[in-house]
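Construct all of the structure, not just a fragment, from the sequences and the given hints.
As a plain string of letters, each chain reads:
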Amino acid sequence: MTVIGQALRVAGKDLRIELRSREILYTMAFFGALLAVVDAFVFPANAKLARAAAPGMLWVAIAFAGTIGLGRAFDRERENDTMRALLLTPVPRLAVFLGKAAAMTVLVLSVSLVCVPLLSLLLDVPLVEHPPLALALLLGAIGFSVTGSVFSAALLKVRSRDVLLPVILYPLLIPLFVAGTSATAALLEIPRNDDKLWYWIGFLGIYDLAFLVVSVWIFESMVIE
Amino acid sequence: MPSLERVEIKKVTKRFGGERALAGVTMELAAGSMCALLGHNGAGKTTLLGILSTLTRADSGSVAYRAGDKPVTGAAVRREIGMLAHASLCYAELSARENLAFFASLYDLDAGRATLDAMLDRVGLDPKARDRAARTYSRGMLQRLALARALLTRPSLLLLDEPFTGLDRGGAISLGGELGALRDQGAIVVVVTHDLEAIAGRTDHVAILRRGQLVFEDRGSYDYEQLKDLYHSHAN
Amino acid sequence: MNRYLVPICASLGAIGFVLTIWMIFNSTPTQVDYQTDEGHVFLSGSSLFFNQKIFYYHVPHAFMLFAAVATSGIASILFLTKRVQKWDDIALATAEVAAVFGAVVLVTGSIWAKVAWDRWWIWEKRLTMSLLLWLTLIGYVLVRRFAGASADRLASGMAVFAMITLPFIYFMVGADDSHPQAGPDGNVATQDPRMRPTFYLSVLTFLLWFVALAAARIRGVRMEREVRELRERGLDAGVLA
Chain G
21 MTVIGQALRV
31 AGKDLRIELR
41 SREILYTMAF
51 FGALLAVVDA
61 FVFPANAKLA
71 RAAAPGMLWV
81 AIAFAGTIGL
91 GRAFDREREN
101 DTMRALLLTP
111 VPRLAVFLGK
121 AAAMTVLVLS
131 VSLVCVPLLS
141 LLLDVPLVEH
151 PPLALALLLG
161 AIGFSVTGSV
171 FSAALLKVRS
181 RDVLLPVILY
191 PLLIPLFVAG
201 TSATAALLEI
211 PRNDDKLWYW
221 IGFLGIYDLA
231 FLVVSVWIFE
241 SMVIE
Chain W
1149 MPSLERVEIK
1159 KVTKRFGGER
1169 ALAGVTMELA
1179 AGSMCALLGH
1189 NGAGKTTLLG
1199 ILSTLTRADS
1209 GSVAYRAGDK
1219 PVTGAAVRRE
1229 IGMLAHASLC
1239 YAELSARENL
1249 AFFASLYDLD
1259 AGRATLDAML
1269 DRVGLDPKAR
1279 DRAARTYSRG
1289 MLQRLALARA
1299 LLTRPSLLLL
1309 DEPFTGLDRG
1319 GAISLGGELG
1329 ALRDQGAIVV
1339 VVTHDLEAIA
1349 GRTDHVAILR
1359 RGQLVFEDRG
1369 SYDYEQLKDL
1379 YHSHAN
Chain V
427 MNRYLVPICA
437 SLGAIGFVLT
447 IWMIFNSTPT
457 QVDYQTDEGH
467 VFLSGSSLFF
477 NQKIFYYHVP
487 HAFMLFAAVA
497 TSGIASILFL
507 TKRVQKWDDI
517 ALATAEVAAV
527 FGAVVLVTGS
537 IWAKVAWDRW
547 WIWEKRLTMS
557 LLLWLTLIGY
567 VLVRRFAGAS
577 ADRLASGMAV
587 FAMITLPFIY
597 FMVGADDSHP
607 QAGPDGNVAT
617 QDPRMRPTFY
627 LSVLTFLLWF
637 VALAAARIRG
647 VRMEREVREL
657 RERGLDAGVL
667 A
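Protein chains in written order, with my numbering: chain G, 21 to 245; chain W, 1149 to 1384; chain V, 427 to 667.
No wet-lab data here; the hints were simulated from the structure. All C-beta atoms, glycine included, are put in the ideal place defined by N, C-alpha and C. Keep in mind that a hint or two might mislead.
Said to hold, decoys possible - SDA-like mimics (lysine to any residue), calculated; alpha carbons at most 25 Å apart, straight line:
no., chain 1, residue 1, chain 2, residue 2
1, G, K177, W, R1358
2, W, K1376, W, V1363
3, W, K1159, V, T507
4, G, K68, V, T507
5, W, K1218, W, N1189
6, W, K1158, V, D662
Stated by the list, open to error - A few chain V residues that don't get close to chain W, going by computed Cβ distances all over 12 Å:
no., residue
7, G442
8, L445
9, V647
10, V653
So this is what it looks like as structure tokens:
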């Protein structure tokens, strides 16, 4: 069996468990929606302001909801010490890592499926009309999940993991969120600013690639005590 | 698949942060033996088990796994390891069959219903419960599932971390019997426990750790009273 | 490590402090720019006067910040691959020193900005980079303190990721760079030869200061461990209870 096949099995297992309880999906999506509503209250009537602020709100919602999801997803591997069981299998640790990160990417993407239309609707900003946004969100979700999975896995045995996860993650991920926000903002410019859009999407792509390479290299030494 | 015949632990040390967990432990484990690893909390038993399971890296010293005269390393070692702990190492949201099927697939083993059911029969898990989420199981049922998961891969190195915790006397004794049978089939069994009664008369190798050091080691069978005396005179 | 290293670096650094302070106020030019307009000569608006002198502290600290971060990053990589305690000691000590130097860079930079741009803070490339770098360092120190036995691994991982984040931060903030350069506003040592000796002496002083701090910290970490090991040996021998 190839590494990809094994990774897919791990990811499939995660998603199967999630589909059964839907705990992470529901809570993440609800939290993302709440953030969108709170944002809509913060910038009420001013359409110009809403348009300028919407990209930032979207990515902040994804960052916050994503962090909650990450914490819970890895709590699940901690409950019955199943992370130990996974690492004990002869499957390469690379496959375990890729599987966890892939499942997390799917979860983060489904949160944006809730946040994008909601923000679009509440703030009257045409977010849904732009297909390239999906690409930016996908790249953003990958970068977030990859980095998040490395540190969540390493934090499993640490008591203050819930506090430390954002402390570690956010400074490293600020370029990712800034790039995502800038790409989204480029979409909303009238007329759409394609140069800026593709610059930032390219930025996200290279960022993902670099972080993926380092994560793959570092994962095993981070989870082995 | 080469089954492991010997594990040589040489001068293994480990620190967590600044705290010393192991301070130069040297011992050897052989096929067909069952080693009781005893000691107080924090004596380094679990750390040693972690190092044996390859999930903890020793700061210095070495652990060599051998099949015949050949050293075995990496994934090949992990394939031979079966782990049974206080936690079930199974997913609470999945049923017994799903848990076994998932792990079997990661070990590249036959995950057919017949194979899995045969294993669940062997550990005596109630057939009616096999498609229910493991979260609904009693402690005893969970331990049976955990045992099935550990045995499924036909391990030649069984690592047991407090496997008797939470089991009733009958459950503990029958698990002890199961482990004895595995030893007789030629597996290396290492058991970390406080429950001397459950392992009394079954072990043929006793090692006692105290503050990270091996303070007593002997190959020989001991009954409950003897084990208790040994423990009290060396672990404190 | 040589036990004279810390006292020597510290005392040379102390001499350097006194010398640089004296030189900064006596032998360097005060920044004054003139504009001529229809025969009248008057001071230009960009003139910083005495405020420019913060440059002699700001820039050397920034140099040391990057030197410390680079040392810590490389030591972290070595620790993760080799798991030799020595590298972790170095990574920890230099990261902590970097956090202190980073704070100085941000504060002095902010004072400069207030005078030069009449704003305490602007979101300009190098400022943003330094701020993010500094936030990562603070995160690093927090992880070290609160992550228990896994702290060394987590912190090294953070340091490695922080190193690859840096170029992205650079490109993130865009091409416009209003940070003072060796430009017409003249405040980098290459501009006025009278500034050079003081500037280079400052750099040397803070380099000595950095080495002294880091070496002292590394020794502290080592001694802590030695004390612990001695205590363990005492316990093993039954001398201590």
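Need the status of pair K68/G, T507/V: alpha-carbon distance at most 25 Å? violated, 52 Å
May I ask you to check that G442/V keeps its beta-carbon over 12 Å from the closest beta-carbon of chain W? holds, 35 Å
Taken at face value, is the distance from the CA of N1189/W to the CA of K1218/W at most 25 Å? Between K1218/W and N1189/W the Cα gap is close to 35 Å, so the pair fails against 25 Å, i.e. violated.
Does R1358/W sit within 25 Å of K177/G, going by the straight-line distance between their CA atoms? Cα-Cα ~24 Å, so holds.
Closest CB-CB distance from V653/V to chain W, is it above 12 Å? violated, 10 Å
If we take the beta carbon of L445/V, is the closest beta carbon in chain W still more than 12 Å away? holds, 41 Å
Hint consistency between K1376/W and V1363/W [alpha-carbon to alpha-carbon, up to 25 Å]: It holds: about 15 Å lies between the C-alpha atoms, which stays within 25 Å.
For the pair supplied as a hint, K1158/W and D662/V, is the alpha-carbon distance within the 25 Å limit? Distance ~20 Å between K1158/W and D662/V Cα, so the pair holds.
Taking 25 Å as the top limit, are the C-alpha atoms of K1159/W and T507/V close enough? holds, 21 Å
V647/V non-interfacial with respect to chain W [C-beta, more than 12 Å]: violated, 10 Å
In this structure, the hints that do not hold are numbers 4, 5, 9 and 10, in rising order.
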